[in-house]
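**Student:** Whenever a hint applies, use it, and build me the whole structure from the sequences.
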Amino acid sequence: VIDSSRILRRAAVISVGDFFAVFPLRTYLIAWIPRGVFQMAFYALLAQFIAGPEFARFALVGTAAQVTYQSLFTIATSTVVREQGSGTIPLLVAAPGSALVALTGRSVATIANGALSGLLPLLAGAPFLGLALTAPGAFAVVVILVVVALSAYAFALVLGGIGLRWRGYHNVLSSLAGTAVTILCGAYIPRSTLPDWAQALGEVLPATHGLEALRGALAGGAIDGVLRGVGAELLVGAAYLVLAELSFRFFLSRARSAGTLDFH
Amino acid sequence: MQLVGERLPSFLLSFAISPIVAIIYVLMARGAGRPDLEAFVVLSPMAVGLWGTATLAAGEAISSERANATLELLVAAPLPPAIPVIGRITASIAMALISVPETLLVARLAGVHLTVADPIAFAAGVLALAFSSIAVGLITASTYVLANGARLYSNLLGFPFFILAGVAFPITVLPNWIQPLSSVVSMTWAVDLLRQSATKVPGEIFWRDLGMTVVLGVVYFAIGFWLLRHVERRVRFDGTIGNA
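Taken in sequence, the protein lines are chains A and B. Numbering of the first sequence is given in the working numbering, commencing with residue 1 and proceeding in unit increments. Numbering of the second sequence is given in the working numbering, commencing with residue 265 and proceeding in unit increments.
Bear in mind the hints are in silico, worked out from the structure with no lab data behind them. Incorrect hints may have been included.
To be verified - A short, non-exhaustive set of chain A residues, derived as facing chain B with CB atoms under 10 Å:
(1) 8
(2) 22
(3) 39
(4) 50
(5) 58
(6) 175
(7) 183
(8) 188
(9) 194
(10) 254
Claimed, not checked - What follows is a list of derived Cβ distance ranges for each label pair:
(11) B:503 <-> A:96: 41 to 49 Å
(12) B:384 <-> A:250: 26 to 34 Å
(13) B:362 <-> A:95: 52 to 60 Å
(14) B:464 <-> A:193: 33 to 41 Å
(15) B:336 <-> A:91: 46 to 54 Å
(16) A:228 <-> B:297: 22 to 30 Å
(17) B:297 <-> A:224: 28 to 36 Å
(18) A:127 <-> B:445: 19 to 27 Å
(19) A:234 <-> B:380: 45 to 53 Å
(20) A:231 <-> B:483: 23 to 31 Å
(21) B:336 <-> A:14: 40 to 48 Å
(22) A:260 <-> B:280: 58 to 66 Å
Unchecked claim - Covered stretches of chain B (chain A as the covering partner; in silico rule of three or more C-beta atoms under 8 Å from a C-beta of chain A):
(23) 288-296
(24) 383-391
These figures come from a predicted structure and were not determined experimentally. Virtual Cβ for every residue (Gly too), placed ideally from N, Cα, C.
**Tutor:** Right, dumping it as structure tokens:
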């Protein structure tokens, strides 16, 4: 446990350096963050056109979650696959600690970025769309978006595990997964309007329960309902984390015995 | 076939994403009890997909030349570097055109009452949009030559253009002071032509929309050629072609 915590801490420090090497601070502030705000404006205008201000607020909250999980799917999936490209998979196998702990540590900045990328469009759009944000509400939003980011990260690890097997297809995987989750989690489409099977599928995907908690918290809903949503989101994330661990172990053990760790 | 083989992942994305996003927009309208708007919003992802493919292909073209250390050769060759870049973007756009019949098929399968009463106007709108999207890709490519980090900036520009073009909603929902900007975005006119083709398009609207899309595309090409030449001179002067 101590080793894992040390690995996690050190990898987290590296992750910040890694992140800002890809997204220099100036570029991050000028290009990345406004992109989420423009996406929010696009979907809010679309929803406003379709059904008026109430639906625009629905889309605003949906965008906060969508930007959060999609950024995790895209960046975290490619981070896993990049380990293969940079030839560091054998090092992860040779190291005494868990590869998953190292990978998670390396993505701490990405997880924080996911939550922030969702939060800022929400804060930017709220005054224009008449979404009242109290201090406790804003705090709940931050917590819930972090939880959504964590479960989306666990799901991205599973996608990364698949990406390791199908090299070159990780962007396809993360994009398709993102659009599928967008249909099923209730980001832009009220889940109650989906067929029963689609609603059931949504229950086991990241962001669905987090979004329900987010909407509940912003509407001033009962705290136990919000906590139930957060708990369910964490549970879904934990399940994907276990799946990712099993997937990595299986992949690494097969690649190790075949001698193809570098080019499996 | 070689092109498809090398770029299969990108091709799959072009193939799959536009119809799925079209479904999202249709379900948004249907879920909100506005089935009358389904035909209006369903074409939007196809138009966005063509535009996005051009900028993505432009970025990939320059990034791969840089990664293979052939960007210097591209600049040193007697042919203007814009020509091979245009060729690569055009190939990607040609593949992305698959989203047009796909979107029409998905609309039909999803029960959207989308009619194309004027197929000539529809086809002209698609081709004009593809033409101007290639020009937008050329402009994007010049920023990639200048700096590899330009990728993030070009990603930033997608949604503002889609908003200005009214690709998924009428531009009348935009604030009055923004609406004049919509007229200098070629997609505005192309998307209008696509929507108008639901009925027989009157001659003056057909030529106005087609003309504006093509003329703006030509203007974008001129800007792209000028920018690429300017940027090429600058990176040659700075000695930063391969590692900008």
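**Student:** All the hints need checking, so say for each whether the structure fits it.
**Tutor:** Checked hints:
{"no.": "1", "hint": "8", "result": "violated (28 Å)"}
{"no.": "2", "hint": "22", "result": "holds (9 Å)"}
{"no.": "3", "hint": "39", "result": "holds (5 Å)"}
{"no.": "4", "hint": "50", "result": "holds (5 Å)"}
{"no.": "5", "hint": "58", "result": "holds (9 Å)"}
{"no.": "6", "hint": "175", "result": "holds (6 Å)"}
{"no.": "7", "hint": "183", "result": "holds (6 Å)"}
{"no.": "8", "hint": "188", "result": "holds (5 Å)"}
{"no.": "9", "hint": "194", "result": "holds (8 Å)"}
{"no.": "10", "hint": "254", "result": "violated (23 Å)"}
{"no.": "11", "hint": "B:503 <-> A:96: 41 to 49 Å", "result": "holds (46 Å)"}
{"no.": "12", "hint": "B:384 <-> A:250: 26 to 34 Å", "result": "violated (55 Å)"}
{"no.": "13", "hint": "B:362 <-> A:95: 52 to 60 Å", "result": "violated (45 Å)"}
{"no.": "14", "hint": "B:464 <-> A:193: 33 to 41 Å", "result": "holds (35 Å)"}
{"no.": "15", "hint": "B:336 <-> A:91: 46 to 54 Å", "result": "violated (33 Å)"}
{"no.": "16", "hint": "A:228 <-> B:297: 22 to 30 Å", "result": "holds (29 Å)"}
{"no.": "17", "hint": "B:297 <-> A:224: 28 to 36 Å", "result": "holds (31 Å)"}
{"no.": "18", "hint": "A:127 <-> B:445: 19 to 27 Å", "result": "holds (23 Å)"}
{"no.": "19", "hint": "A:234 <-> B:380: 45 to 53 Å", "result": "holds (48 Å)"}
{"no.": "20", "hint": "A:231 <-> B:483: 23 to 31 Å", "result": "violated (56 Å)"}
{"no.": "21", "hint": "B:336 <-> A:14: 40 to 48 Å", "result": "violated (33 Å)"}
{"no.": "22", "hint": "A:260 <-> B:280: 58 to 66 Å", "result": "violated (29 Å)"}
{"no.": "23", "hint": "288-296", "result": "holds (count 8)"}
{"no.": "24", "hint": "383-391", "result": "violated (count 0)"}
Going down the numbered hints, you'll see the structure goes against 1, 10, 12, 13, 15, 20, 21, 22 and 24, while the others check out.
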